[in-house]
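There are 2 protein chains.
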Amino acid sequence: MSEKAVIIGAVAAGSKAACRYKRLFQDAEVILIDQDTYISYGGCGIPYYVSGDVSDEKELRSTSFHMVRDEYFFRHDKGVDVMTGTRALSIDRDKKTIRIEKSDGKQTDISYDKLMLATGSRAKRPPIAGLDLENVFSVSSLRQAMGIKEQITTGQIEKAVIIGAGFIGLEMAEALSDMWEIETSVVEFCDQIMPGFVSRNLSGMAQHRMEQNGVTFYLGETVEEIIGENGRVCAVKTGKRTLDAQLVISAVGIEPNSDLARDAGLEVAPGGFIVVNDRMQTSDPDIYAGGDCVQVTNLVTGKPGYYPLGSLANRQGRVIGSNMAGKDSRFKGAVGSFVVRLFDSALAGAGLTPETAAREGYDAIGIQVGQFDRAHFYPEKEIIFLELVVDKKTRRVLGIQGFGGEASGMYARVNAVATTLHYHPSVSDISNLELAYSPPFASAMDIVNAVANAAENYLDCYYSPAHLEDFLECWNDRDCGKYFFLDCRAEADAKPFEEKYPDIWKSIPHDQLENRIDEVPRDKILILVCNTGVRSYEAQVNLAAHGITDTVSLGTGIAGMKECGMRF
Amino acid sequence: MSEKAVIIGAVAAGSKAACRYKRLFQDAEVILIDQDTYISYGGCGIPYYVSGDVSDEKELRSTSFHMVRDEYFFRHDKGVDVMTGTRALSIDRDKKTIRIEKSDGKQTDISYDKLMLATGSRAKRPPIAGLDLENVFSVSSLRQAMGIKEQITTGQIEKAVIIGAGFIGLEMAEALSDMWEIETSVVEFCDQIMPGFVSRNLSGMAQHRMEQNGVTFYLGETVEEIIGENGRVCAVKTGKRTLDAQLVISAVGIEPNSDLARDAGLEVAPGGFIVVNDRMQTSDPDIYAGGDCVQVTNLVTGKPGYYPLGSLANRQGRVIGSNMAGKDSRFKGAVGSFVVRLFDSALAGAGLTPETAAREGYDAIGIQVGQFDRAHFYPEKEIIFLELVVDKKTRRVLGIQGFGGEASGMYARVNAVATTLHYHPSVSDISNLELAYSPPFASAMDIVNAVANAAENYLDCYYSPAHLEDFLECWNDRDCGKYFFLDCRAEADAKPFEEKYPDIWKSIPHDQLENRIDEVPRDKILILVCNTGVRSYEAQVNLAAHGITDTVSLGTGIAGMKECGMRF
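Here the protein sequences line up with chains E and F, keeping their order. If you want this note's numbering, it's the 1-based position in the first sequence plus 4. If you want this note's numbering, it's the 1-based position in the second sequence plus 4.
The shape of chain E in the complex, shown without the other chains (with noise of 0.2 Å):
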């Protein structure tokens, strides 16, 4: 017998759905709908786009053998037939019909056996006057981005402002400052950019590369108006100042694009999330959805999450497909992993921060270590940051996130360990995360073992740090009295701090502890430093078994402190 798929939207999941239930079921018929004549483009590349990294849309548009995904294309590579500039107005599931309409206007109703809505986002619009004006842009379809390229190509831009510093923001920041020399700057309501995804320690370090390359931050301020002079942008009004900007851009965020399903009477959540199951159905059993429409569950915390991603989009998309030919196909949720390359380093994560695990009710640390990302014998090697969550009370690891290099081992092993995170793995599952090594690799004692020992250690009680920001308060601090700073590394390092410092600083080598431990102030708080947070975490055993415990250990070193801008 054969049947009668619709799609409605084209873009990531409609698209692998539509494939993927046409391979499976080759008699069926499948209608894949769209209300842009642009379909099926790989939307995570659009920044790469606007920098000129990818220098023609039709690239995003294309398979990795170059044929353009076009209606030719999936008529005939893939047995689909597409109709582009369509929108779908209604559902009428009791008849089983849409309503579409086509750009001429004309509507008609069209039947199906199995629909999917893959309807996607939409960007969120903040409240407030100007977002209509010429050259503001969001970045929510490749037309949009079209519009911006067209825009900068001109080459009057010079000035631009960014409105919010998550994914899009930052990866638009520096497409924009990286190759079109734009002077760009980036307001952000938090007071960290990557709020949500990881702590202020990280989100400091990824900053400071970013004002290295010329990218300025407006943290903590609000957008309160966009002034516009004959129609066309001309500067952004935040709560503290006034921006020139010829070009806006706005990434406060996306939201689903749920209202057919809403007015077609299927579940959907607070915030306009579609429900689903784990098959991907919606609560019409012949309904499906899946990509930025949906939520899913959080494999974390068990509870419903967001992941507007491309690639999730993907996954559910052929789950989708194979549900719609009568499979059994389950998509179970998502940890949220991510990564976003910021000029020549990267950020990552997966799972819960320290802030989301606190809100999420979990009474949880995130540890902090940065350790080379190789053999450190071996000659090519850089030092990598990773935060690891755990819950105090369960041990169990949480999320993991990570800074480093573009190319260091970093992107590896936020994944190594974010693809275990559904199964609840402990901190010592990861103490012994079995990672592949050699010296051009990782390390014997990798830096993804070594931060779940740190965190044992912490549990244990033998670890007590200091993250970057506690540090830095005492440093802001430091003529208080209260503070007293004992330098564990090599005396050629060390002595150029206690000379600058010499009432707060004190150079005492590792390795000469032991026979000056009369030298150590025992009335003061002693926060103790090293390159990297190895030594000073032995002198903090050391110290302890003198009965000198009022010590925290500089978790990422003075080398954290230097990733985040820091001079003393």
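Hints may be right or wrong, so weigh each one.
Intra- or inter-copy, both count: the list cannot distinguish identical chains.
Pairs of lysine-lysine, BS3-like flavour, derived with a Cα cap of 30 Å [what the hints assert, rightly or not]:
#	residue 1	residue 2
1	Lys241	Lys128
2	Lys331	Lys385
3	Lys99	Lys510
4	Lys106	Lys153
5	Lys385	Lys241
Hints were generated in silico from the structure; no laboratory data involved.
With chain E fixed as given, assemble chain F onto it according to the hints.
The following block gives chain F in isolation, referenced to the frame of chain E:
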């Protein structure tokens, strides 16, 4: 109460255990014994020391902060007493003493409360004459490596032969031929390199890459004799040829040093592996063992496994240090993750290969795919190859192996699967494996998902793959009249093949297949090819709908063939 721990063997596991134990138990006395004077070195770094990547052996013995890990370091930084040049002769378990012999020949007994054996491994000696000739080396210790380096720096080594194409053999082959331009041959008894670690398909790629860099391989050949002249090696005689050589490295594997354990009556398994539980205790609960001298659980098969790797030795050492100090720390076992750099490429894996799975009684298949490591529209990218090993009956993933550029994302992919293997993931778990995605790091439907999707399609009988070696067999037999090659690539790519082999090769681009179905011969076995196996798989599905089912699709496509060095 103070306690005294003695640790025999001071390279990886032993040093780690000593330091960990002392940190947790600051009052304890810790004695670390080694027969050599070089201790606590990165043995896996030896090939890079020989190559010159690491210029000085001291670097292999130093911390990341450039302190040499010698007696002074262990005493003053770690609180551990080291006795080098000291052999442990026997253990009296009743008296809890160890008879030791110092380099001056003097013997004494030392007592212990807790004992750890980290006696490591030694190079296997193949049963041939000539192993004791001058300039015949193994790579079992830093001292041996220093001997090799001393020889090659004389500039008088023009030709070298390496016996054995496992990790060490290949790494040494690179070390000799790359930096020192020594004409290097590798003789291997098996018919592939890295036997037992990767399939012949992937090993063919790695071998080709090494051949391109000047290394010669003689596979399926047995060394019969090492020939000397005036006590010095001058040639290696195999079953088929005699190879001139001024230097020979025997790298046919290692075996555990367990005589001390056996003589003390501890349980030792066939093969000489010391038996330990998951707390790394031997059959005597006061005696622990770890590193290259023990067997641990293979977490894929549940049977004993042998994983002599510095990375695992370190993890085991930490577990032992914790347990000796009274904690309850577990080392559950290993899946055998590995990675080896071969010039600008890398080979990595974990778990079982198709061949080792068969030996373990699984009815398994290895499914191979080639795909870009990043978004195909991202300018920097390269094709990498993965093989997923799957149990046909249970759909369980038993292993993953990969080949790709050294700087490609292959390492991240293999690790992401490797770290989940002990959870016994299904194919569909890997289909939905959540790697962090953005175009500079991964594809939306990443190769790691793609290889699981392909495995699923195989298990569900949509996909019938040909492996590289199957393809080669058909190709070599192409004039037999049974086979017909259908090329699904764009016409420009396929035409030259069609013109060169008009009787057996036909170009029908995939988008034209439906309209040209009558041109497809129905009386031959069809071998479907495209560049990476994507279009040929789709063609297979399309052909099946037309009743043409006697087809195979070349899984890794023409790209895979080229990587193996095949010229058409």
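Query raised in the report: Which of the numbered hints are not met once you compare them with the structure shown?
Result: 2, 3, 5
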